[in-house]
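Undergrad: For reference, the chains in residue letters:
Protein chains: 2
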Amino acid sequence: MWRRELAVSAPGKVILHGEHAVVLGKVALAVALDLRTFLRLRPGAEGRLSVSLPGVGVRRSWDSPGLRALRGRIAADEDESKSPSVEQLDALREFAGIAAGASAPESLATLAFLYMCLAISAKYGDVPSVEIVVWSELPTGAGLGSSAAYAVCLAAALLMVCGAISCPLQEGESTSRWTEEELTLINSWAFRGERVIHGNPSGVDNAVGTWGGALRYQAGKITPLKRVPTLRILLTNTKVPRSTKTLVAGVKEKILKFPAIMNPVLDSIDAISQECQSVLEAMPANPSPEHYPVLEEFFDINQHHLNVLGVGHPSLDRLCQVTASHSLHSKLTGAGGGGCGITLLPPDTSPLAVEAAKQDLCACGFECWETKIGAPGVTLHSCSSLSAQVLHALAQS
Amino acid sequence: MWRRELAVSAPGKVILHGEHAVVLGKVALAVALDLRTFLRLRPGAEGRLSVSLPGVGVRRSWDSPGLRALRGRIAADEDESKSPSVEQLDALREFAGIAAGASAPESLATLAFLYMCLAISAKYGDVPSVEIVVWSELPTGAGLGSSAAYAVCLAAALLMVCGAISCPLQEGESTSRWTEEELTLINSWAFRGERVIHGNPSGVDNAVGTWGGALRYQAGKITPLKRVPTLRILLTNTKVPRSTKTLVAGVKEKILKFPAIMNPVLDSIDAISQECQSVLEAMPANPSPEHYPVLEEFFDINQHHLNVLGVGHPSLDRLCQVTASHSLHSKLTGAGGGGCGITLLPPDTSPLAVEAAKQDLCACGFECWETKIGAPGVTLHSCSSLSAQVLHALAQS
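Quick mapping for you: the protein sequence lines, in order, are chains A and B.
In this text, residue positions in the first sequence follow full-length UniProt numbering: the first is 1, and each later residue adds one.
In this text, residue positions in the second sequence follow full-length UniProt numbering: the first is 1, and each later residue adds one.
In isolation and in its complexed conformation, chain A is listed as follows (with noise of 0.2 Å):
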């Protein structure tokens, strides 16, 4: 039986360097945002599970025996790699009152939570008698694994509930974090429950949710980096909505119509990633001012080579000019075509000059975030520890 009361939070991904050139086997950089999934977890009634999700307006609780029976259908036939099955996601649906298809952020939320619960707790333990509310940081839909983040806060709540995991926040502590075994095990089952929502996901939005930091993806294979720094950035939302099936597409065919101008373009980008990746693990132990410009420069080129391939577009522009106006450089980040765009703001920036930054930004009809990149992967907060921002959140439920 759960008895205390405790948080876990999991950070957003952007794409440093590599978006669209990682589709055709280079190298992309993607590091933790530190806008942040949080997910608070207190012992329920005995024999209620329940979940409340008050930014998608879900608020679901079910009685134990009824879980117990659905799970029993949901483990009989366990492959984890098949897992989950179109025939578990029916039954749960089924269960749920979910029409199939529904691809609601409401409806893709309570299924993964109810089939995390349901397989993890019939792997680890009994169905928990808890109740989780989780809330974000993170606007959903653009790009910045806010789902991810929501299954890696699931993952270590649920394994954590059934005894899978540690506990590992001592009395007296406000934050902890699991060991790399842990962390492998959340990942893993995160993994699945971003499945649940994206049918097909690459793995690498939840590894930055677990582990935090930067890391490296290739061909499949994901590499987390080993020390690097948190950097402050301001994350913009130009609110243009795109269709990354589409840009990707396109992309496609101009490299199609184009090798042997476009082919060049990809290593270019592949090896902004690698110096990147050097400067980004060069700056812990020599954290010169240097290595700034150096960013600058990267964020730079890799905008203009993402316009040669043709994911630009005029709101991002627009972004790239009002802050170079106050000396900053910029680039979009994930798909293109609208969504969103990083600028590095470096340790010298002035107060004055972000404020002007985002205003400026703001006043374009962006909405804008100053966070950092680099941010640490899962964590067990202590409530007490939260901030009242999240707190009053997460108490909407």
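Everything labelled a hint here was simulated from the structure, so no lab data went into it.
One or more hints might be untrue.
As the list makes no split between identical chains, a pair holds if one copy fits it or if it spans any two.
Quick list of in silico lysine to any residue cross-link-like pairs, SDA-like style, CA-CA up to 25 Å [unchecked claim]:
| id | residue 1 | residue 2 |
| --- | --- | --- |
| 1 | Lys372 | Thr349 |
| 2 | Lys372 | Ser325 |
| 3 | Lys239 | Ala324 |
| 4 | Lys254 | Pro293 |
| 5 | Lys358 | Arg318 |
| 6 | Lys254 | His326 |
| 7 | Lys254 | Asp300 |
| 8 | Lys254 | Pro346 |
| 9 | Lys257 | Pro229 |
| 10 | Lys245 | Pro293 |
With chain A fixed as given, assemble chain B onto it according to the hints.
TA: Just chain B now, kept in the frame of chain A:
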């Protein structure tokens, strides 16, 4: 004794693709610009040679005996590959009263005139008694090959007066051109004239001035393209001064700093030049409107690449934005860092859009010409066929 009144014209040049990359062994495409330099040739008073350059305020005339005496000193030790030698130029400066090291356009233009006149007449005939006026539509010092157009006009006129090449213009014809063999001779003398002005020119500018159209340049080898279309463009001078030497050094520095990132960009530029050559050579036989979006795409990609090389400038960004707002595509041409940009005007561009773009560019403080590329090379004209504007300019002398 020369008896006819005729005019010679030669075009300026712009680099279509490959600026900077050409310094590092990649292909560049240079094209003839239909902003031309005009030379009017008239019989002069017996025993007098005179030259007027109304654009730079030169009006000089010399007696034949003095020139013949000087010619003796100039021609004494003639080795074409070393000509003009330092001694020859020193003698010419002394004769013309030009201070050693004087680099003003009027000093260099006078020096080149005297050198070409004496060296050509020494080889092919007597010092001619003619009146020469040269005026250009080209701005000087803007990287548009104005000195080469001047040298080409002088070479053609002086070789014709001395009988080294024919006078191909029949009575009643308005324009005529020389044979391939004669053009080769004109080009070689124009190159020597260019050396007086520029010291160590590449030979591209005088080749474009002589042959017109377009030519490919790589590793010192100049190859005129077979058949190329005439394309309408806007040529815009941002009037931002720049140092070609500093810009070239900056590119080299960037390549040394990040070879793995920058070398692929040079490869991509090389491929753009080669693909563009293919498109240009395909256009005369198949003048489909589908070629234009491809040419525009090459402009956009190369403009991004040139920014990556570090030779962009806010004024050039502005130029590209302004023309993009009229759905037109632009790139810098030449050294960058300010200087000139070119904007393609596809055949379906409405006259209103062109006018609006020109007005907006002028409102930025830029100078803007509506002109053509792929223009004819050195041409002989009857004076009566010249436009009133050109005749007026030549009559100002």
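Undergrad: Evaluate each hint against the coordinates.
TA: So, going through the hints one by one against the coordinates:
1. Taking the shortest Cα distances, Lys372 and Thr349 sit within 25 Å of each other inside one copy (14 Å), while across copies they are farther apart (47 Å).
2. Taking the shortest alpha-carbon separations for Lys372 and Ser325, only the intra-copy value of 22 Å comes in at or below 25 Å, while the best inter-copy value is 35 Å.
3. Taking identical chains as interchangeable, the C-alpha atoms of Lys239 and Ala324 lie at most 25 Å apart whether they share a chain (20 Å) or sit on different chains (23 Å).
4. Taking the shortest alpha-carbon separations for Lys254 and Pro293, only the inter-copy value of 13 Å comes in at or below 25 Å, while the best intra-copy value is 31 Å.
5. In this homomeric assembly, Lys358 and Arg318 come within 25 Å of each other (Cα to Cα) both inside a single copy, at 13 Å, and across copies, at 23 Å.
6. Within a single copy, Lys254 and His326 get their C-alpha atoms only as close as 33 Å, which misses the 25 Å cut-off; across copies the closest is 24 Å, which meets it.
7. Taking identical chains as interchangeable, the C-alpha atoms of Lys254 and Asp300 lie at most 25 Å apart whether they share a chain (21 Å) or sit on different chains (13 Å).
8. For the homomeric pair Lys254 and Pro346, the shortest alpha-carbon distance between copies (21 Å) is at most 25 Å, but the shortest distance inside one copy (35 Å) is not.
9. Taking the shortest alpha-carbon separations for Lys257 and Pro229, only the inter-copy value of 23 Å comes in at or below 25 Å, while the best intra-copy value is 40 Å.
10. Only between protomers do Lys245 and Pro293 lie at most 25 Å apart by alpha-carbon distance; the minimum there is 24 Å, versus 33 Å within a single protomer.
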